[in-house]
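Novice: Listed in order, the protein sequences are those of chains A, B and C.
Following the UniProt record's numbering, the numbering of the first sequence begins with 1 at its first residue and continues without gaps.
Following the UniProt record's numbering, the numbering of the second sequence begins with 1 at its first residue and continues without gaps.
Following the UniProt record's numbering, the numbering of the third sequence begins with 1 at its first residue and continues without gaps.
Be aware that one or more of the hints could be misleading.
Stretch-level coverage of chain A by chain C, calculated; a stretch enters the list once three of its residues show a Cβ under 8 angstroms from a Cβ in chain C [what the hints assert, rightly or not]:
| hint | segment |
| --- | --- |
| 1 | 50–60 |
| 2 | 107–118 |
| 3 | 204–212 |
If you are wondering where the hints come from, they were derived from the structure by calculation, not from laboratory data.
C-beta: ideal position from N, C-alpha, C; glycine also.
Each chain, written out:
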Amino acid sequence: MFLALTEMRRAKVRFGLLSGAVGLLVFLILFQQALSTGLINQFIGALRNQSADVLVFNAQARKNLEGSIVLPAQQAAVAQVPGVAEATPLGEGTFTVLAGVDGAAEEQDAVIFGYQLDGPGAPTTLVEGRLPEATGEAVASSRNADEGFGIGDTVTVVPNAGGAEVVFTVVGLAEEINYSVSPTLFTDFAGFEAAKRAVNPDATAVLPSVMAVRVADGADPEEVAAAITAAVEGTEALTRRQAVDGSPGVSAVRQSFSVVLLLFYLVVPLVTGLFFLIVTFQKAGALTLLRAIGSPAGLLVRSLLLQVVVVVLTGSVLAVGLFWLASRGGGGLDISVESGPVLFTVTLVLVLALLTSLAAVRRVLRIDPIAATTGAGVQVG
Amino acid sequence: MSSNPAPSGAPLRLEAVRKVYRSGDSEIVAVDHATLTVADGEIVALLGPSGSGKTTLLSIAGGLLTSTEGRVVVGGQDITDRSPRELTEFRRTTVGFVFQSVNLVPFLTAEENLLVVAELSGRSGMSRRDARQRAKELLDELGLGHRAGNLPSQLSGGERQRVAIGRALFNRPALVLFDEPTSALDTKIGEQVMELIQNEMRSRGTAAVIVTHDTRMTHYADRTVRIVDGVLSDDPVAAGHP
Amino acid sequence: MSLAVTELRRRPGRFAVATVVLTFLSLLLLLLGGLLDGLFLGSTGAIRAQRADVIVYSDTARDSFLRSRLTTEVRRQVEQVDGVEAVGGLGFSLLGATVPGETDLADVAVAGYELPPSGVPDPPSAGHAWADERLREAGVSIGDTLAVGPAGTPITIDGWVEDTNYLQQGALWVTLDTWREVQNANRPDAFVAPDVVQVFVVRGAGGDGLAAAIDAATGSTSTLTRDDAVFALPGVSEQQSTFNAIIFSTLAVVLAVVALFFSLLTLERTGLYGVLKAIGASTRRLFAGVVIQAVTVAVIAFVIGGVLAFVGDALLPGDIPLQLTPGRYVFTFVALVVAAVLGSAISLRRVTRIDPASAIGSAA
Chain A
1 MFLALTEMRR AKVRFGLLSG AVGLLVFLIL FQQALSTGLI NQFIGALRNQ SADVLVFNAQ
61 ARKNLEGSIV LPAQQAAVAQ VPGVAEATPL GEGTFTVLAG VDGAAEEQDA VIFGYQLDGP
121 GAPTTLVEGR LPEATGEAVA SSRNADEGFG IGDTVTVVPN AGGAEVVFTV VGLAEEINYS
181 VSPTLFTDFA GFEAAKRAVN PDATAVLPSV MAVRVADGAD PEEVAAAITA AVEGTEALTR
241 RQAVDGSPGV SAVRQSFSVV LLLFYLVVPL VTGLFFLIVT FQKAGALTLL RAIGSPAGLL
301 VRSLLLQVVV VVLTGSVLAV GLFWLASRGG GGLDISVESG PVLFTVTLVL VLALLTSLAA
361 VRRVLRIDPI AATTGAGVQV G
Chain B
1 MSSNPAPSGA PLRLEAVRKV YRSGDSEIVA VDHATLTVAD GEIVALLGPS GSGKTTLLSI
61 AGGLLTSTEG RVVVGGQDIT DRSPRELTEF RRTTVGFVFQ SVNLVPFLTA EENLLVVAEL
121 SGRSGMSRRD ARQRAKELLD ELGLGHRAGN LPSQLSGGER QRVAIGRALF NRPALVLFDE
181 PTSALDTKIG EQVMELIQNE MRSRGTAAVI VTHDTRMTHY ADRTVRIVDG VLSDDPVAAG
241 HP
Chain C
1 MSLAVTELRR RPGRFAVATV VLTFLSLLLL LLGGLLDGLF LGSTGAIRAQ RADVIVYSDT
61 ARDSFLRSRL TTEVRRQVEQ VDGVEAVGGL GFSLLGATVP GETDLADVAV AGYELPPSGV
121 PDPPSAGHAW ADERLREAGV SIGDTLAVGP AGTPITIDGW VEDTNYLQQG ALWVTLDTWR
181 EVQNANRPDA FVAPDVVQVF VVRGAGGDGL AAAIDAATGS TSTLTRDDAV FALPGVSEQQ
241 STFNAIIFST LAVVLAVVAL FFSLLTLERT GLYGVLKAIG ASTRRLFAGV VIQAVTVAVI
301 AFVIGGVLAF VGDALLPGDI PLQLTPGRYV FTFVALVVAA VLGSAISLRR VTRIDPASAI
361 GSAA
């Protein structure tokens with residue numbers, strides 16, 4: 001132990017650079033993981049954390065809530081499909097709203113979901129307050145509670161010329177129910193309809209974006225979804241999970257990030273493995289000497305592995321620090337430091353780094369103490 | 001002969017050279033008022049035990065270290081007060097070095113190790129063709145013509161030292177400095193190398209200073225100078241020619 | 001110099017791992033940059049192509065095209081502002097479209113326009129469109145009639161235009177009337193009355209001053225320069241800052257890797273550098289050798305990484321918005337070379353400190 005740590009103290013720049021590189025890489029991995037889950041959650045958290053088992057889209061919408069409307073004939077037909085216990089309208093739209101704290105209300109974007117209060121489509125992650133019980137009440141995304149979407153705050157939909165003002169009062173907060181990275185409200189369908197008419201006074205009809213379906217007890221949502229798609233012309237029914245994964249952009253974001261992350265995971269062990277291999281070659285002479293004066297090979301290997309662990313852990317501490325700073329800095333997207341993913345990443349990086357340092361270990365084990373007497377072991381390179 | 005005459009003045013003149021190392025409050029005198037003149041074509045052995053100051057004296061003569069006091073003149077050039085940059089230039093053009101062991105560039109062939117000297121001189125040096133020609137000639141003279149394309153790792157210890165001698169002679173220096181040229185070799189090879197050094201220096205009329213601690217090597221020199229605790233004294237036993 | 005190059009040639013093995021690491025890193029830089037460019041270009045083409053100085057939104061729209069509505073009355077007010085030379089209406093509908101012979105729907109952005117953006121001809125006849133090249137991937141060909149939206153409004157493709165997409169959807173450039181027809185048939189909840197458009201593109205003189213003058217004259221608009229309008233598109237500025245943060249952190253890793261690797265190499269060469277300095281090599285020459293090696297390794301890594309990125313682009317599924325532009329290659333190349341030079345600079349101190357006198361009197 002003494003040997004390993006003394007060497008690191010003497011070669012501060014080298015080990016510092018290595019730890020810095022590992023730290024940056026681990027930070028980038030953490031940052032991008034958080035970014036991809038954070039992005040995905042903020043884009044489609046509302047879909048993930050609502051109670052409908054199946055969502056019925058217009059087939060033309062390509063699984064995009066924003067582009068979907070369900071026509072009256074389709075609405076009626078969905079309810080008739082076997083396995084559907086309940087099918088109710090769910091509307092979604094982005095609005096300009098007036099919201100703010102302490103009377104300093106300002107215009108901002110908000111997404112409003114309208115669902116039938118006693119039906120499926122209600123938020124499932126309520127953390128404070130209660131669900132809406134009447135038109136004009138809403139549950140807001142907890143992330144935006146401090147921005148004028150706290151319990152008791154009022155949110156006003158800004159009408160276009162000819163429309164009437166619509167006001168919602170926040171009565172509850174739910175976690176991770178954002179949509180399109182905007183503050184999000186869940187209210188009753190009538191409230192959603194009123195909001196739509198406020199901004200589009202010319203609108204001839206307000207149609208639901210999707211149908212929210214609760215499946216009959218014991219029915220498999222996937223099968224019910226397939227049955228709806230087959231039975232109702234022009235619709236595409238998706239289970240909650242399929243709707244989340246199939247949301248436009250989500251799968252592309254996920255795939256892009258996974259390619260990038262895989263590469264980062266490859267780079268970390270390569271850098272550490274390379275470093276320790278070179279360092280081991282460079283000090284082959286000293287190691288031979290140590291073997292000659294009686295250090296067991298195991299001790300030398302242990303001190304090498306200890307250095308790997310110290311470097312990875314130092315780097316990880318640095319990475320978590322950077323990550324914490326980044327999570328506070330924001331940059332438009334708030335990411336949160338969660339111990340689970342951090343621990344997983346650090347462990348994985350540590351294991352990979354130890355595996356690649358086996359090349360250096362092999363070099364240590366090959367050292368022949370006899371070489372010290374002939375001088376051959378002192379030859380470098 | 002292809003060798004050119006040494007520039008005017010003795011190849012090496014040290015006048016009352018003193019070198020003092022300071023470490024904290026104490027002073028260590030490595031070389032004390034050393035005066036030494038090496039004549040044209042003369043081979044001088046500098047003999048002393050380790051720590052005697054012989055390495056320091058050699059380094060001062062070669063422009064690797066500057067003296068604390070005294071004057072150093074090499075090949076007619078006074079290098080006493082030169083800047084490190086000027087000394088680099090001086091070493092490149094005026095003296096040749098042969099070191100103990102780490103000596104050759106491991107990834108270059110014997111011939112290329114000689115050409116390094118030309119490369120270091122850049123445009124001020126000879127043309128590429130002339131440089132190759134010169135390297136070939138030197139290797140042939142040193143009996144290494146057939147080894148020109150070999151890497152140092154493929155050469156024996158004696159051959160490596162011969163390549164190093166070729167490199168030292170490449171720029172036709174006024175003075176060649178040898179630092180324990182045989183210490184890494186066994187006695188027989190060491191003697192062969194010394195003989196070669198003697199022949200090469202004589203045939204070119206180039207002066208040399210050979211640092212050694214091995215008295216057996218001194219009879220290859222024209223003169224032996226002893227150094228003990230930084231003080232020079234002529235060897236009472238004149239080194240004869242073999 | 002040639003000493004450094006010769007070492008690279010004779011001992012490629014010792015540079016191999018560094019080259020592999022830097023290859024991965026250049027591949028990462030290119031992929032990240034390509035994603036950023038793909039997202040940016042695919043989202044903003046329709047706006048960047050506008051030959052307009054400013055874009056006028058209704059003031060309640062919060063700079064969103066889809067929520068903006070402007071009437072002919074506002075248009076008259078804008079036209080009377082000093083410096084305004086031409087005003088054109090613009091409107092977008094994001095919809096799915098059925099392509100003849102294809103089972104999958106194509107994502108389209110139906111764009112109604114009056115003033116042609118660069119590269120787009122004058123508006124086609126009613127029911128016809130100039131389509132963006134991106135729609136080729138969805139199986140669209142010239143002469144096809146697409147059924148747009150749930151209502152299946154027919155639109156016939158007359159020709160191709162380039163780099164005009166909107167929010168990752170392939171643009172179909174149509175007349176304003178055709179756009180209104182598509183919008184009203186498919187989005188009755190977002191009805192557009194006759195003569196109403198989403199925004200005006202305005203050509204004129206005055207830039208920022210023009211925008212302020214227009215807003216002052218109408219009292220009901222919010223006007224942005226074209227460049228500001230590009231960054232006002234949802235997500236665009238966030239994407240830029242996030243991806244750039246990742247790209248620059250990755251460059252910092254490149255710098256650290258180069259610094260680490262070459263400081264180790266320099267350490268290993270201490271003895272050799274001592275000898276070379278003794279026989280007259282200057283610090284500058286030796287350090288230049290280190291820099292040349294670092295840059296060479298970075299360039300080789302860039303070339304391999306570039307080829308891999310090119311191949312990867314072809315292999316990755318089409319819905320990943322990866323777009324490798326020559327500009328991105330140039331940026332990555334320059335950034336890698338700069339990082340290599342800076343990274344190798346850390347070895348300068350060590351090279352400088354090597355004492356030529358160390359070559360004498362030492363056996364190792």
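Novice: So is the segment 204–212 of chain A in contact with chain C by the C-beta rule, three or more residues under 8 angstroms, or is the coverage claim wrong?
Specialist: holds (count 4)
Novice: The segment 50–60 of chain A covered by chain C? Criterion: 3 or more residues, Cβ-Cβ distance below 8 angstroms.
Specialist: holds (count 3)
Novice: Can you take a look at whether the segment 107–118 of chain A is actually covered by chain C? Rule is 3+ residues, C-beta closer than 8 angstroms.
Specialist: holds (count 3)
Checked against the numbered hints above, the structure breaks none of them.
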